[in-house]
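A.B. asks: Residue strings, one per chain:
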Amino acid sequence: NAGVMQNPRHLVRRRGQEARLRCSPMKGHSHVYWYRQLPEEGLKFMVYLQKENIIDESGMPKERFSAEFPKEGPSILRIQQVVRGDSAAYFCASSGVEFNEKLFFGSGTQLSVL
Amino acid sequence: DAKTTQPPSMDCAEGRAANLPCNHSTISGNEYVYWYRQIHSQGPQYIIHGLKNNETNEMASLIITEDRKSSTLILPHATLRDTAVYYCIVGFGNEKLTFGTGTRLTIIP
Chain A
1 NAGVMQNPRH LVRRRGQEAR LRCSPMKGHS HVYWYRQLPE EGLKFMVYLQ
51 KENIIDESGM PKERFSAEFP KEGPSILRIQ QVVRGDSAAY FCASSGVEFN
101 EKLFFGSGTQ LSVL
Chain B
1 DAKTTQPPSM DCAEGRAANL PCNHSTISGN EYVYWYRQIH SQGPQYIIHG
51 LKNNETNEMA SLIITEDRKS STLILPHATL RDTAVYYCIV GFGNEKLTFG
101 TGTRLTIIP
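Which chain is which? The protein sequence lines are A and B, in order. Just so we're aligned, residue 1 is where the first sequence starts under the numbering used here, counting upward by one. Just so we're aligned, residue 1 is where the second sequence starts under the numbering used here, counting upward by one.
Careful: at least some of the hints might be erroneous.
Stated by the list, open to error - Below are the BS3-like pairs computed for lysine-lysine, each with C-alpha atoms no more than 25 Å apart in a straight line:
{"no.": "1", "chain 1": "B", "residue 1": "K69", "chain 2": "B", "residue 2": "K3"}
{"no.": "2", "chain 1": "A", "residue 1": "K102", "chain 2": "A", "residue 2": "K44"}
{"no.": "3", "chain 1": "B", "residue 1": "K3", "chain 2": "A", "residue 2": "K51"}
{"no.": "4", "chain 1": "B", "residue 1": "K52", "chain 2": "B", "residue 2": "K3"}
{"no.": "5", "chain 1": "A", "residue 1": "K27", "chain 2": "A", "residue 2": "K71"}
{"no.": "6", "chain 1": "A", "residue 1": "K71", "chain 2": "B", "residue 2": "K96"}
{"no.": "7", "chain 1": "B", "residue 1": "K69", "chain 2": "B", "residue 2": "K52"}
{"no.": "8", "chain 1": "A", "residue 1": "K44", "chain 2": "A", "residue 2": "K62"}
{"no.": "9", "chain 1": "A", "residue 1": "K62", "chain 2": "B", "residue 2": "K96"}
{"no.": "10", "chain 1": "A", "residue 1": "K62", "chain 2": "A", "residue 2": "K27"}
{"no.": "11", "chain 1": "B", "residue 1": "K3", "chain 2": "B", "residue 2": "K96"}
{"no.": "12", "chain 1": "A", "residue 1": "K62", "chain 2": "A", "residue 2": "K51"}
{"no.": "13", "chain 1": "B", "residue 1": "K3", "chain 2": "A", "residue 2": "K102"}
{"no.": "14", "chain 1": "A", "residue 1": "K27", "chain 2": "B", "residue 2": "K69"}
{"no.": "15", "chain 1": "A", "residue 1": "K71", "chain 2": "A", "residue 2": "K51"}
{"no.": "16", "chain 1": "A", "residue 1": "K71", "chain 2": "B", "residue 2": "K3"}
{"no.": "17", "chain 1": "B", "residue 1": "K52", "chain 2": "A", "residue 2": "K62"}
{"no.": "18", "chain 1": "A", "residue 1": "K102", "chain 2": "A", "residue 2": "K27"}
{"no.": "19", "chain 1": "A", "residue 1": "K51", "chain 2": "B", "residue 2": "K96"}
{"no.": "20", "chain 1": "A", "residue 1": "K44", "chain 2": "B", "residue 2": "K96"}
{"no.": "21", "chain 1": "B", "residue 1": "K96", "chain 2": "B", "residue 2": "K69"}
{"no.": "22", "chain 1": "B", "residue 1": "K52", "chain 2": "B", "residue 2": "K96"}
{"no.": "23", "chain 1": "A", "residue 1": "K51", "chain 2": "A", "residue 2": "K102"}
{"no.": "24", "chain 1": "B", "residue 1": "K96", "chain 2": "A", "residue 2": "K27"}
{"no.": "25", "chain 1": "B", "residue 1": "K69", "chain 2": "A", "residue 2": "K51"}
{"no.": "26", "chain 1": "A", "residue 1": "K62", "chain 2": "A", "residue 2": "K102"}
Unchecked claim - Computed list of chain A residues with no C-beta within reach of chain B, every gap over 12 Å:
{"no.": "27", "residue": "V12"}
{"no.": "28", "residue": "R13"}
{"no.": "29", "residue": "G16"}
{"no.": "30", "residue": "R22"}
{"no.": "31", "residue": "Q37"}
{"no.": "32", "residue": "K44"}
{"no.": "33", "residue": "M46"}
{"no.": "34", "residue": "K62"}
{"no.": "35", "residue": "K102"}
Worth flagging that the hints you see were computed from the coordinates, not collected in a lab. Where is the CB? At the ideal position from N, CA and C, for every residue including glycine.
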């Protein structure tokens, strides 16, 4: 009974490249949330998705960042043309459909931009 | 803009109760208080949440003041594995929970 799975665990990209971060929610969960954490800071909400729908992307930068959660397969956070400031830990969480169901977080992807 | 205020760090002796305070003086009537913790570089872990009544589960107890402007998370018998950053969050449902900088709790052997 696997929890939230994120891969890769570590990702190194050079400036200008693309980064694709994957998140498989817990079995039975249809809500996915992405958060970003800079060193020594708290987690910042980025986007909330349900299957095939973006519910709230108010925390996403307007350019270069996109997210999807297709009907089949994992949720993907995509960062185009990465810059050094994108270096951070990116965490995915999932929950069920009931109100206030607790969030289960993955172990995160540490993105390093050279 | 932070909705909660927490001390940046606290120490607690192993085996003693750890009491972590949180101020949330601008909490709205329908907002909940959630507690999560993050053990070094791992994803956050849910601990407990409440609206206005005190709550207890296998991990902790949550005491919310009658005016709901502050709360205390209690770990009854702290162990070394409880060393973590503890986040007190105010919100309504899981959408857009805002994690501040939390309290770094260190359990001392």
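A.B. asks: Run every hint past the structure and note whether it holds.
C.D. replies: So, going through the hints one by one against the coordinates:
1. Annotation: proposed proximity of B/K69 to B/K3 holds, straight-line Cα distance about 11 Å (limit 25 Å).
2. Restraint check: the Cα-Cα separation between A/K102 and A/K44 comes to about 17 Å, which is no more than 25 Å; the hinted pair holds.
3. For a cut-off of 25 Å, the pair hint linking B/K3 to A/K51 is broken: about 30 Å separates their Cα positions.
4. For the suggested pair B/K52 and B/K3, the alpha carbons sit about 17 Å apart, so the restraint of at most 25 Å is met.
5. At roughly 14 Å between alpha-carbon atoms, A/K27 and A/K71 fall within 25 Å of each other, so this suggested pair holds.
6. In summary, the hint linking A/K71 to B/K96 is supported, as the alpha carbons are separated by about 23 Å, within the 25 Å threshold.
7. Among the hinted pairs, B/K69 with B/K52 is consistent with the structure: their alpha-carbon atoms are about 10 Å apart, no more than 25 Å.
8. A distance of roughly 15 Å separates the Cα atoms of A/K44 and A/K62; the hinted pair therefore holds under the 25 Å criterion.
9. A distance of roughly 17 Å separates the Cα atoms of A/K62 and B/K96; the hinted pair therefore holds under the 25 Å criterion.
10. Among the hinted pairs, A/K62 with A/K27 is inconsistent with the structure: their alpha-carbon atoms are about 31 Å apart, more than 25 Å.
11. Of the supplied pair hints, the one linking B/K3 and B/K96 holds, its CA atoms being roughly 13 Å apart against a limit of 25 Å.
12. At roughly 22 Å between alpha-carbon atoms, A/K62 and A/K51 fall within 25 Å of each other, so this suggested pair holds.
13. Between B/K3 and A/K102 the CA atoms are separated by roughly 20 Å; this keeps the pair inside 25 Å, and the hint holds.
14. Restraint check for A/K27 and B/K69: not satisfied, since their Cα atoms lie roughly 37 Å apart, outside the 25 Å limit.
15. Among the hinted pairs, A/K71 with A/K51 is consistent with the structure: their alpha-carbon atoms are about 6 Å apart, no more than 25 Å.
16. This hinted pair does not check out: A/K71 and B/K3 have alpha carbons roughly 35 Å apart, beyond 25 Å.
17. A threshold of 25 Å between alpha carbons decides the hint, and for B/K52 with A/K62 the separation of about 37 Å lies outside it, so the pair is violated.
18. A hinted pair counts as satisfied when its Cα atoms are at most 25 Å apart, and A/K102 with A/K27 qualifies at roughly 14 Å.
19. Only pairs whose Cα atoms come within 25 Å are accepted, and A/K51 paired with B/K96 is accepted, the gap being roughly 17 Å.
20. Of the supplied pair hints, the one linking A/K44 and B/K96 holds, its CA atoms being roughly 9 Å apart against a limit of 25 Å.
21. A C-alpha spacing of about 21 Å is found between B/K96 and B/K69, which places the hinted pair at or below 25 Å, so the restraint holds.
22. Taking the CA atoms of B/K52 and B/K96, the gap is about 21 Å. The hint holds against a cut of 25 Å.
23. Taking the CA atoms of A/K51 and A/K102, the gap is about 18 Å. The hint holds against a cut of 25 Å.
24. Pair hint B/K96 plus A/K27 holds up; C-alpha atoms about 22 Å apart against a cutoff of 25 Å.
25. For the hint pairing B/K69 with A/K51, the CA-to-CA distance comes to about 37 Å; that exceeds 25 Å, so the pair is violated.
26. Between the alpha carbons of A/K62 and A/K102 the distance comes to roughly 28 Å, so the proposed pair goes past 25 Å and is violated.
27. For A/V12, the shortest C-beta to C-beta distance to chain B comes to about 17 Å, beyond the 12 Å cut-off, and the non-interface label holds.
28. For A/R13, the condition that its CB be more than 12 Å from all CB atoms of chain B holds, with the nearest at approximately 20 Å.
29. The non-interface label for A/G16 is consistent with chain B: the shortest C-beta to C-beta separation is roughly 27 Å, beyond 12 Å.
30. With a cut of 12 Å on Cβ distances, A/R22 stays outside the contact zone with chain B, its closest approach being about 15 Å.
31. For A/Q37, the condition that its CB be more than 12 Å from all CB atoms of chain B is violated, with the nearest at approximately 8 Å.
32. Chain B draws A/K44 into its interface by the beta-carbon criterion, the shortest separation being 8 Å against a cut-off of 12 Å.
33. Not every CB of chain B lies more than 12 Å from the CB of A/M46, the least distance being 10 Å, so the non-interface label is violated.
34. Separation of A/K62 from chain B is adequate, the least Cβ-Cβ distance of about 17 Å exceeding the 12 Å criterion.
35. At roughly 4 Å, the least C-beta separation between A/K102 and chain B is not larger than 12 Å, which violates its mark as non-interface.
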